[in-house]
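Please build the complex by placing chain B on the supplied structure of chain A, with the hints as guidance.
There are 2 protein chains.
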Amino acid sequence: MEQTARTNKDLIQALGSMANKLRIDSIVATSEAGSGHPTSCMSAADLTAAVFFYAMRYEVANPKNPVNDRFVLSKGHAAPLLYAAWAEAGAFPVERLKTLREFTSELEGHPTPHLPWVEVATGSLGQGLSCGVGMALNGKYLDKTGNNVFVLMGDGENAEGSVWEAAEIASYYKLDNLIGIVDVNGLGQSQRTMYGHDTEVYRRRYEAFGWHARSVDGHNIAEIISALDEAMATPDKPSVIVAATKKGKGVSFVEDKDGWHGKAFKKGEELDRALAELQPKISSTDGLKIKPPEGRNINAGSADSATAKSSSDDQYVIGKQVATREAYGEALARLGDANPFVVALDGDTKNSTYSEKFMKAHEGRFFESFIAEQNMVGAAVGLSSMGKIPFASTFACFLTRAYDQIRMAAVSQANLKLCGSHAGVSIGEDGPSQMALEDLAMMRAIEGSTVLYPSDAVAAEHAVRLAAEHRGIVYIRTSRPKTPVIYSADEEFAIGRAKIVRQSSEDKATIVTSGVTLFEALAACDQLESEDIAVRVIDLFSVKPVDEETLRASGRETNNLIITVEDHSAWGGLGDAVANAVSPSGIRVYQLGVREVPRSGKPEELLAAYGIDRASIVNAVKSLT
Amino acid sequence: MEQTARTNKDLIQALGSMANKLRIDSIVATSEAGSGHPTSCMSAADLTAAVFFYAMRYEVANPKNPVNDRFVLSKGHAAPLLYAAWAEAGAFPVERLKTLREFTSELEGHPTPHLPWVEVATGSLGQGLSCGVGMALNGKYLDKTGNNVFVLMGDGENAEGSVWEAAEIASYYKLDNLIGIVDVNGLGQSQRTMYGHDTEVYRRRYEAFGWHARSVDGHNIAEIISALDEAMATPDKPSVIVAATKKGKGVSFVEDKDGWHGKAFKKGEELDRALAELQPKISSTDGLKIKPPEGRNINAGSADSATAKSSSDDQYVIGKQVATREAYGEALARLGDANPFVVALDGDTKNSTYSEKFMKAHEGRFFESFIAEQNMVGAAVGLSSMGKIPFASTFACFLTRAYDQIRMAAVSQANLKLCGSHAGVSIGEDGPSQMALEDLAMMRAIEGSTVLYPSDAVAAEHAVRLAAEHRGIVYIRTSRPKTPVIYSADEEFAIGRAKIVRQSSEDKATIVTSGVTLFEALAACDQLESEDIAVRVIDLFSVKPVDEETLRASGRETNNLIITVEDHSAWGGLGDAVANAVSPSGIRVYQLGVREVPRSGKPEELLAAYGIDRASIVNAVKSLT
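These protein sequences, in sequence, are chains A and B.
Under the numbering used here, think of the first position of the first sequence as 276, with each following residue one higher.
Under the numbering used here, think of the first position of the second sequence as 276, with each following residue one higher.
There are no misleading hints in this set.
When chains are identical, the list treats them as one kind, so a pair holds in a single copy or across two.
Computed cross-link-like contacts, DSS-like style, restricted to lysine-lysine with a CA-CA straight-line distance of at most 30 angstroms: (1) 566 - 415; (2) 532 - 542; (3) 757 - 897; (4) 373 - 541; (5) 532 - 449.
Keep in mind that the hints were calculated from the coordinates and are not lab data.
Here chain A stands alone, though its shape is the one from the complex:
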C-alpha cells in the first residue's frame, strides 16, 4: 500500500513533468513556425501526458500494428501537442518539432497521415469522435483486438452535431473500447464557448446519450488517471472524461485569457517569459514511456460466416430491367464473399439503396448507421484507417450532409467507397428534397476522388468491383428507375474509360451521358436515325477521371460537336467534366442539365420539363447540326 502510494506519487509527478515538457515543446514549435495554437495545446497537456504515458498501449516503432490502441486528436489545432507527445515517446527526435508547418515537414498545421502515427486527419472540428467510432467498431466487432480508442476533443467542437451522432452510435453499439476526453478550456476562437467551464453540461449530455461520463479537474493528474482507469474498466458502454482546464495553462500571462487563440508566442522576450514559467515545473520524467500492447491478438473472421451468394454473374441478360441501385446491392453482397475486408454502412435507407443485400449476406460486417450521415462517413473513414474497405450508402442527396467528412476523408487518405442512390429528377414524385442534383459536382471537386456513374446492372457490378480494387475515395452514383441491361456480362470496364454505345461513320454529333439519360439518348438516336441523322452515343461511366482520349477522338470525328445530357444540375457535373476534358481541343460542348429547382411529378414528366429527355436531345441535335 505504502509502496503503491509512493509509486503513484512518483508517477503523478513524472506525468506532470511530462505535461510541462509537452507545453514547452508546443510553445517552442509554434514560436519557431510563427503561427499555431499553443494555448490550445497547453490546456490539454496533462490529459495527453496521462493518456500517452499511463493509459495507452502502443508499439511506437510500429504504428500500423493493429493491436495498438489508437489516439485521435479531434481538436486538430492542438497538433503541436500531439507531435510533442509522439516525439517524447520516441517516435522521432524532439528536435524535429521545430519543422512544424514547413512545406517539407510531416508535422503539418493540423494532423494528417503524412505522419505515420496519425490515422485520420483532423482540424475540421467535431469529426474525430466519428473516426474513433469506426476504429472502435473494428476493434470490438471485426478484428476483436481488445484495443482502446482515445479521442481528445475540445469543448467548442462539442457544439457540432456530428459529435452527438457519434455519441449515439457509440452507445448503440456498446463501444466500451471508445474513450472520449473533452478538454473544457471554456474559450473558443472568437469568444467564450456556450458553457464556459460548466463541465456538468457536457457530462449530463453524454450521460443522456448513453455514455459513462465523469467530470475531472483536467490539470489534476491523479484525478485524470483515476478517470482513465474507470473508463477502461466500464463495460458495455463508451466512456467520456469531461475535464475542466485552462487555455494557456502554465503561463500566467495567457492562462484562461481571451484573445490568445491561434497565436504563437513571439520569439524573444514573450517566448522567454513563457518558457521561464514552465521550465521550473519539470522534474524527472525518467521511466515514462508508452507501454506496449502485449498479449493482444487479432481475432477476426468469426464475425462473418459468409455463404456463397446465390446470384451468378450471368444473371443480367441483355434487355432485362434492373435498377442500378439494386445491382449495386447484389454486387456488394457478392464482393463480400470474395473479400473479407469489405464492410458496409447505411443510413436507414438499406431497403432503397439495396445495401440490405450485403447485410443479409454478411450481417457481422454491416453497420446500420441510422439517419446520421456525418457519423456514417466519419466511421467509415475510421474503419478504412484500420484496413477495412467500407462502402457507405444512402440517397445521393443526403451525402451532401457529410460533405465535410468526405472532404476530410481525402486529407485522411481514406480508402472510402460511397454509393448515392436516387440520383436526379428521375426519382419522380418524392420531389426535390430527395433528388440528388449536386452529387457529381461535389464528388468531382474532392481531390483525388474517382466518380463512377453506371448506366446498367452490368456497369454497376463492375463499378463496385473497381471501387474495391482502387485505393482511395470512389463514389458510385445509382438511379432509382429500372433500366434495361445493355452490356454483356463479359464487357470490360475500367476507371477512366468511356463506352461508345452507338456509332457510325456518318455521325453528326456525339452525345455523352450516363444513367437514365443514356436511355433517353438511345431513344433520341433511334428517332434521329429514322430521320437520317446519325449521332454517336457515349456512356461516360467514369465521370472522374474522364476518358479524354475517347471523348476527343469522338468529338473530332463528329463535327467537333459534343452534347452532354445529365440528370444533375447543369453546373459542375457530367457536362462540365466533358467540357473540362475536351475544351483544350476546341471541341464544342453543349450541356443539357437541370437548371432550376424541380418539382414533384412523374419521372418522364420531369425529364421532359427540365430538358433532359429524348425530345430535348433530338431538338438539341437538330438545332446544332
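What follows is chain B alone, placed relative to chain A:
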C-alpha cells in the same frame, strides 16, 4: 368547472375526430397519388390536429402575416398530413388534396413554399428545428411578435446531429417561443429506430440540452393539449413534447407494423378496409378552426441602435493592402446601417471572417452560432422566411458542413447570403483541413445560386451590396491574404459581369481568374510583357452566372485561347464555369487549379507547388501560344 370539463370533453372529442379526418385525407391522397407515406401521417395526426386546432394562432387567409404562429413539418414525408390540416382549416378545398404529387400541384411529395402556407421546404430530415430556431430568433429578438413556432419532428430524424445543434442554440438563446414535438412512432424507413418507443431517451436528451421536456401518449388528446399548454407557458427555455405514437395508428392491419414505410394503400379493397376502420371514429368537428393571432404586433427596430459607420466609401485607395475578408466585414457593417432587415450569423469565426465588424455595429442583429454550421445555415433560412436578409459566414471549407442545408435552402426559395473566407491554399500553414477547395463547385451546383468571388476590397464591398439586392442564394468567397486595391471606388460591378483588367490589341491569350490568383496573373502579365508577349487578364468576379459575352469576345480576340487560374480544386470551379460558358463556341480553355490534397506551407510556396502562381501562368502561356 363542470362547464369547463364539459367543454374540454367536447373539444377533445372534436380534435380526435379531426385527427381521424386528417388520417383519412392523408390515406385518400396518397392512394390517389399511388405513392407517399400514409402511415407516417397517421402516427402524427392527433398531435397535428391539436397544434392546428387548439394551440396555433394563425390568420389562414393571410399566411404571410408576420404575427402568425408558424408550423414546420420537419418530418416532411408526412406532407399529406400537413396539406390535410391546412385544407381542413379552410386554406384550400379538401378536394384538392387529390392532386398530391402531380406535376402541376402545389402539393408536392414533400412540402415546399410553392404552397403559401409552407415557409421552408422539408424532407431532408433533421433540418426543420434549425429553421424553427431562425423563426423563433426573429420572433423573440427582432420582430418581437410574441408568436410561437411549432416544429413537428420524427423520432428517426432525432439521430441527425443537426437537431442537437438546433437544440443547443435554442436553449442558449432562451427561445421559449419554440415548441418541438417528437412523433416517436418507433419505426424508421428500413427497420426499428435506435430506441423504439422509449420516449424517455429523447426526453432526457432534450432536458440535457436545456429544454423543458415532457413525455406524452401521442394519441391521447387530453395529454397533448395539456402538454401544449405547459409548453406555451414555460418561460426562458424552449419546450419539447415527446409523444409515443404508433405508425399507421387507426388502421389495425398496418398499426405499429414494420414494412409499411412509404407505401400507399392500394385503391380497392386495401384502401376500403382502411377507410372502413377510420370512418366510424369521426363524429362532429363543428366549430374547430384555427384561432386568429389577435392582439399581436410587430415591435421591431428597438434591437438595433445603429450609429453611422465610421468608414466611408473612399477608404479604399488604389494600392492599399486589404484582405477581401476584411472588406466583407466592413461592407456588411455598413450595409446594416442602410438596411434594417440585414442580420448576420457566424460560427465562432467572426474575428477571421470579420463579421465581427457587423456584430459591433449592430449587436442585436448578430447571432453567434458557435461551431455548428448546419444549424447556422438552417437558422438563416428560417430568418429569411420571416423577411430578414441573413448573411452567414465561416471559413469557406466549413460551409461544406452545411451543404445539405444549402441545398434545401434552394428548395425553400430562401433569400440566403453566405460568405466563406480563407479560400484555397493561400491560407498557408494551417494546412488542408482549413483550405476551401470545393466551395465554388458546391455553390455552383445549387440551382438558382449566385456565386461571387471578389478580388479586392472594392469588389468585396460591391459583392455584399449585390448580394443584399439580389433575391436568392448568393455566395461570396473571400480570401485570407491582404491584396492591393485595384478598382476605384466608383467602379461598377454587377452580377454576371466580368472585369477586363488588362488588355491590348496584341493579346495572345486571355487569362481568367479571381481572388489571390488575379495578382499572380497580373505579375505573370508583367513578366510576359517584358518578353513581348501580350496577354489579356480578366477578373471573373461573378463565377455564376458567368459573363459569357465578355469571355466569348475576349477568347475570340485572343487566338481562341483562355487559360483559367483558380485557388480551388481543378474540378467544378472557376475553370469549369468558364469552359461551360465558352466551350459551345469552340474556344479552347486550359485550366490551372489544385489537383491534389495540399500540404501546410507558406502561401507563396503552396501557390507554386500546386501550379497556380505567376511562374505557372507564364509557363502555361508560353507553352500554349
